[in-house]
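Colleague: Sequence:
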Amino acid sequence: MGCGSDEVSEDPAREQTPLAALDTPIDVEDMVLIPAGAVRLGTDSKTDLTFGTEADTRTVFVAAFYIDKYEVTNKQYAKFLAETGHRKPKFWADPRFNAPDQPVVGVNWEDAETYATWAGKRLPTASEWEKAARGTDGRHYPWGNDYDAARGNFDDGGSMDGSTDGYAMTAAPVGHFIDGLSPYGLHDMAGNVWEWVAEHSETTDKKIYAIRGGSWTNGAGDTRTTVAYIYPAQCSDHSSSVGFRCAKNP
7 MGCGSDEVSE DPAREQTPLA ALDTPIDVED MVLIPAGAVR LGTDSKTDLT FGTEADTRTV
67 FVAAFYIDKY EVTNKQYAKF LAETGHRKPK FWADPRFNAP DQPVVGVNWE DAETYATWAG
127 KRLPTASEWE KAARGTDGRH YPWGNDYDAA RGNFDDGGSM DGSTDGYAMT AAPVGHFIDG
187 LSPYGLHDMA GNVWEWVAEH SETTDKKIYA IRGGSWTNGA GDTRTTVAYI YPAQCSDHSS
247 SVGFRCAKNP
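7 is the number of the first residue of the sequence shown in the working numbering; add one for each residue after it.
Keep in mind the hints are simulated off the structure, nothing from the lab. We put the beta carbon where it would ideally sit given N, CA and C, even for glycine. Worth double-checking, as some hints may not be accurate.
[As the list claims (entries may be wrong)] So the derived label-pair ranges between C-beta atoms look like this: (1) THR65 with ALA99: 41 to 49 Å; (2) ALA88 with ASP50: 26 to 34 Å; (3) THR59 with THR170: 38 to 46 Å; (4) ASN151 with PRO101: 35 to 43 Å; (5) THR59 with ASP167: 36 to 44 Å; (6) ASN104 with ASP50: 38 to 46 Å.
Build the full structure now, drawing on both the sequences and the hints.
Modeller: Written as structure tokens, this is what we have:
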């Protein structure tokens, strides 16, 4: 995955095989309060990564904040577009990616930041995002230390054919994988779509932003909670595997 790559073929003939819907309707406006406190971030146990980088272990203090329980959906983004006249995402008319309950994709950092401001929120910092994804015990994935392809929308062993998660070459509806929750109850913090964070990557300069969490195009390595993928904020070809969620101060 990189700047200028759409990650999808131009042939929409591939069909997804949706899994059963959740029994209880979700409220995509839900936010979760992450308490203030020190947290161990990064890792000293690096893994082989296709795209990303991992920072070394360090302990930082993170102030309390709210973060969206779910990735921002197409339905939420449609309201933003209607009220602001902002440009439409690249895949807005693509039936593989435009269901109301799918996460919005095809947005760059500026799009995500503009939406967050309109919503009275902001993008989470990298430290906030990582704490929300893994809690305080240093786990590699939202649910624990071991990769489990059944807990999210991943790359199906590289085939991206939906054979494991039920979603071929596309994002799943937000909140679908209830066994993949983070310690704070957040959905899709590993897989489904990469998520923009507020500031530059700690491994590069301030002109380059980062995305976190991996996506439906990634497997075990790139979906670890410690992984950041360095991505130009002004990338002209917006990705079908990048979305975002928002945060705000208490």
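Colleague: Does each hint hold? Answer for all of them.
Modeller: Against the structure, the hints come out as follows:
Between THR65 and ALA99 the beta carbon distance is about 46 Å. The supplied range of 41 to 49 Å therefore holds. For ALA88 paired with ASP50, a C-beta distance near 47 Å fails the hint of 26 to 34 Å. A hinted range of 38 to 46 Å for the beta carbons of THR59 and THR170 is inconsistent with their spacing of about 26 Å. For the pair ASN151 and PRO101, the supplied restraint of 35 to 43 Å holds, since their beta-carbon distance comes to about 37 Å.
Roughly 28 Å separates the CB atoms of THR59 and ASP167, a value that falls outside the hinted 36 to 44 Å. For ASN104 paired with ASP50, a C-beta distance near 42 Å keeps the hint of 38 to 46 Å intact.
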